[in-house]
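The lines below spell out each chain.
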Amino acid sequence: MTTDTIDTSLDDAHNDDHHDHKMTGIKRWLYTTNHKDIGTLYLWFSFIMLLVGGALAMVIRAELFQPGLQIVEPDFFNQLTTVHGLIMVFGAIMPAFTGFANWMIPMMIGAPDMALPRMNNWSFWILPFAFAILLSSFFMESGAPNFGWTFYAPLSTTYSNGSTAFFVFAVHIMGISSIMGAINIVVTIMNLRAPGMTYMKMPLFVWTFFITAYLLIAVMPVLAGVVTMLLTDTYFGTSFFDAAGGGDPVMFQHIFWFFGHPEVYIMILPAFGIVSTIIPAFARKKLFGYSSMVYATASIALLSFIVWAHHMFTTGMPLFGELFFMYCTMLIAVPTGVKVFNWVATMWRGSMTFEIPMLFSIAFVILFTIGGFSGLMLALTPVDFQYHDTYFVVAHFHYVLVTGSLFSIYAGAYYWLPKWTGHMYSESLGKWHFWCSLISVNLLFFPMHFLGLAGMPRRIPDYALQFADFNKWVSIGGFAFGLSQLIFLAVVIKCIKGGDKAPAKPWDGAEGLEWTVASPAPYHTFSTPPALDEEKD
Amino acid sequence: MRRGNQRWLMGMWLFFTSLLSSSAWAETQLNLTKGVTAVSREVYDLHMLALYICTAIGVVVFGAMFWSMIFHRKSKGAKAADFHESTKVEILWTAIPIVILIAMAVPATSTLIDMENNDNSEVTIQVTGSQWKWHYKYFDQNIEYYSVLSTPREEYENQNGTFEGNNAKKNENYLLEVDKPLVIPANKKVRFLITSDDVIHSWWVPAFAVKQDGNPGFINEAWTNVDEPGIYRGQCAELCGKDHGFMPIVVEVKSAADYEAWLNEQNALTASAADAEKASLSASMSKEELMQLGEATYMAHCAACHQPTGLGLPPTFPALKDSVVATTGSVAEHIALVRNGKGMMPPFGKQLSLKEIAAVVTYERNAWGNDTGDLVQSSDVNAASGE
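Quick note, the sequences are listed as chains W and E, same order.
Here the first sequence stands for residues 1 to 537, numbered as in this note's numbering.
Here the second sequence stands for residues 1001 to 1387, numbered as in this note's numbering.
The set of hints was computed from the structure by calculation and includes no laboratory data.
Incorrect hints may appear among the rest.
[Stated by the list, open to error] Stretches of chain W that chain E covers, calculated by requiring three or more beta carbons in the stretch to come under 8 Å of a beta carbon on chain E:
id, stretch
1, 348-358
2, 383-395
3, 429-435
A quick note: this is a predicted structure, and the numbers were derived from the prediction, not measured.
Just so it is clear, CB atoms sit at the ideal spot from N, CA and C, and this is done for glycine as well.
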């Protein structure tokens, strides 16, 4: 699909600005129904949450810097790991992707806005309340949730510290927000595509968000269900998860992971979409195997519903169950492999340049693949008995979520910053951000593989002496990675305040409708749908 | 966070000093434990197979990426080709991974079938996780006991004066040592029935490749057959609350003869403990004796929650100092609480002897300025239970 000759009158868009009474000050942001404003809100919110969750992680790493209890009590340590996990998953990664969806999907499909703009406003503005509730429990007598972000019963019910109710209501609000966001994405994509944009002509970015939104709608109610059961078990005398009343604590894990595993793909499929947009742009070559990418994404999403119990191999499953979940999990390597091969094939014999979005995308492909390798090893049930609940698992999911999801978010942010702000970011500052992050993140997470293999369990505030050397380096990597993210803050602020004027299309290999409008994107775009050229190839 | 500025300063200080100091720790391990059972070696081989396959795939894929990053860059005048699909290639790189996966699934399946075969065991031991210790009960024997972390509190709370001192004074098996290890015979199939008294725990000994969750109200099975006598260490692997990091597992594997001798010794001990229990009913202990035994018992069983200071960690773990239970409340109620537990507090009636309960109740009623002057004897404990 080529888009250079689209007949969108920028003057029209400009005129809209005049008869749109955009409010000023705080009211503009509180009352906004504009997809770009809401996208901006989501992105800033997620960055703030990244810093909050990161600060918690740095206290964890300070405690683990060497053996002995140095800084925090074991119970507070558990609160830190729990809230760190919850904030990063629900506060940093997911809202960042929703921010991208809001900003880019309407502009990529030639729609004037999201289909349900008022709901869009609401789905953002309930989020700060959810996290205020969650974080406020740190300042209460009970303390914050201390049962791990996976909140296994009965540690989170009978044996909880009294924070369970706050935790449950915070998760409910996050869930409502996600479901509304997801419905909005689905409705927008189904109804507001520019004439001529059939499903198989949509940018892959849009496809991945479309599939992700379906996953969210399918599993967020399951999460809502399980936290409600938790609530009634804790406060109203039910016994869903208590054997003494005929329940089963392992049932908790089945329900939780039926949500939890698709959740993992909710956090990585949009990353695939972002990277699949950026690599072709800087390789100056069309994405290899567009349709196989779509099918691979859909297959991963479907498979994600039948692999949940691979998180539970040690819970005492029957042999047949262990075999079933092992085989299904291994199968996911196939569509994921197809994606990686397609990205490499896109680079192959391209004409590559290495601006910051491309640097982050290449790092994504390599480091996400390393996370995939450890994932494949974890899928093998007999070996999982050794890896399970050790730092090997911690290394695995941080490679997937930090050097995977978070790096893709950075790649996307650098790629579209010129469109969002109208200015080019500082390439040299961006390089500092990239290289500092790349080196420190590997110092942070790679030695965790060794720690896990050597037998260090996760979620412990103190450890045996043979783990001391690596933990020291991991902590240093952690502090360095945390501080490196402040460079990104500087990049963004500098870019908003000024910098070289960005042209409508700053990347010569970029494709897509978003590059046909001016930079910064006018407040309203595509008030009349663009006309698409016929497919030329 | 309770410990305030001083701890932060300590932390910063430790950070900078330990950057300079070279490592004095035990040797660092990079790879998975090979272990001492047939199963653990199979698991290790499977791990190595998966590692080699992943490394090989990584070399090919990343090699292709770096090749094109080096040679297909615009600055070298590379012109972009315009291919963007090839059904043949795509079928190929769907099929090859499937073949590789099957190659891994076959040994994984056979190992797993071995691991799950719990039949024909010669020794059966019930393993019960309990916040934060392990309870071992030998079937067909009169042997059961608790196994508790034996690393002194001063070592992990860094109470040994100077900071260098804290590190130097951590002993070799820091946090991986217990008062009474589990003892099993070598070269016999030992079956573990694993469960829990409270939250979910997970019993893990890397050298056996055994990791099995203990779920409250349910029983899981696992087994091992160890080749060589020795001492093997592990830890609880499932987050089980505050002291999850402080409930290690130590297994002492003995030769058949040594194991028999140990069984006899333990059975005799159980019998003499019952006699001692009877004898203690008519004995009367002095305040000094009671307080001494009481303090030892308190530190081993009560201090994790109620703290050595008796101040507890409110609101989850209440203080005993100046509490109603340990001062103005009746002795009988105090004894009942220790024996039967309440809410999150486990019942100690089956873990402690009458004498120990008497001593710990006396200690709690007289330590930390509680000074009630109450002395409790074994016979009081026996009478209070009414059993």
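Requested in this report: Given that the stretch 348-358 of chain W was listed as covered by chain E, double-check it with a C-beta distance under 8 Å for 3 or more residues.
Outcome: As far as the stretch 348-358 of chain W goes, the hint holds, because 7 residues have Cβ atoms under 8 Å from chain E.
Query raised in the report: Count the residues of the stretch 383-395 of chain W with a beta-carbon closer than 8 Å to any beta-carbon of chain E: does the count reach three?
Result: holds (count 6)
**Report entry** Cβ contact check, 8 Å cutoff: the stretch 429-435 of chain W against chain E, three residues minimum
**Finding:** violated (count 0)
Hint check: a violation occurs at hint 3 only; the rest are consistent with the structure.
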